[in-house]
Amino acid sequence: APADFSKKDWQDQDINFKTKIVGIYERNLPELNDDFINSLGQSFKTLSNLKDSIKAGLFAEKEQKNKERNQLDFLEKLTTKSEFDIPEIMLTKTIEQLIVNNKMDPIKLKEKKDQYEKFRSQARKNLQNSLLIYEIAKIEILNPAVEEVETEVSRHRGIDEKPGYDYIYDILKNKKVFE
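Be aware that the sequence shown starts at 1127, since it is given in the numbering used here, and climbs by one per residue.
There may be inaccurate statements among the hints.
Claimed, not checked - Listed below are the simulated DSS-like cross-link pairs for lysine-lysine, each with C-alpha atoms no more than 27 Å apart in a straight line:
id	residue 1	residue 2
1	K1288	K1302
2	K1229	K1239
3	K1203	K1301
4	K1177	K1188
Worth flagging that the hints you see were computed from the coordinates, not collected in a lab.
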């Protein structure tokens, strides 16, 4: 096993495995043509329509990523010119949320100091960005209207009422800040 194998006692060891072949299969992919596209029952009538849609989707995704990168660059420049007094409890809660979002084991993560410090650094950056957006929205009075938030909440079925409302409110506020 390689030196970085997950089971420490197997690292740098020769390992033998016995396997049993249950079956060998050959996949026959359909020919990518207009007939196949029509059989999908989607809104695409021709292969050309599908290709155009894929290109448009990829272009939109690239544009969105550029927009997000520009927003992060803007926030980073503001961060360097700003002072923050972030309470430790707020930082700790944000680190815990990052750990949950990344499906990490908090106990094991604390043992890995360098990785924990990366989470701490990311949590601080996230909080700084959130505080900057909050402050810009407050100064520029960029809060979304109640009707706007409720309309958006109603589009999302199964969302928890209060946390969902707050989450969507924040998303809409962020959009207003960067418009």
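So, going through the hints one by one against the coordinates:
no.: 1; hint: K1288 - K1302; result: 21 Å, holds
no.: 2; hint: K1229 - K1239; result: 17 Å, holds
no.: 3; hint: K1203 - K1301; result: 19 Å, holds
no.: 4; hint: K1177 - K1188; result: 16 Å, holds
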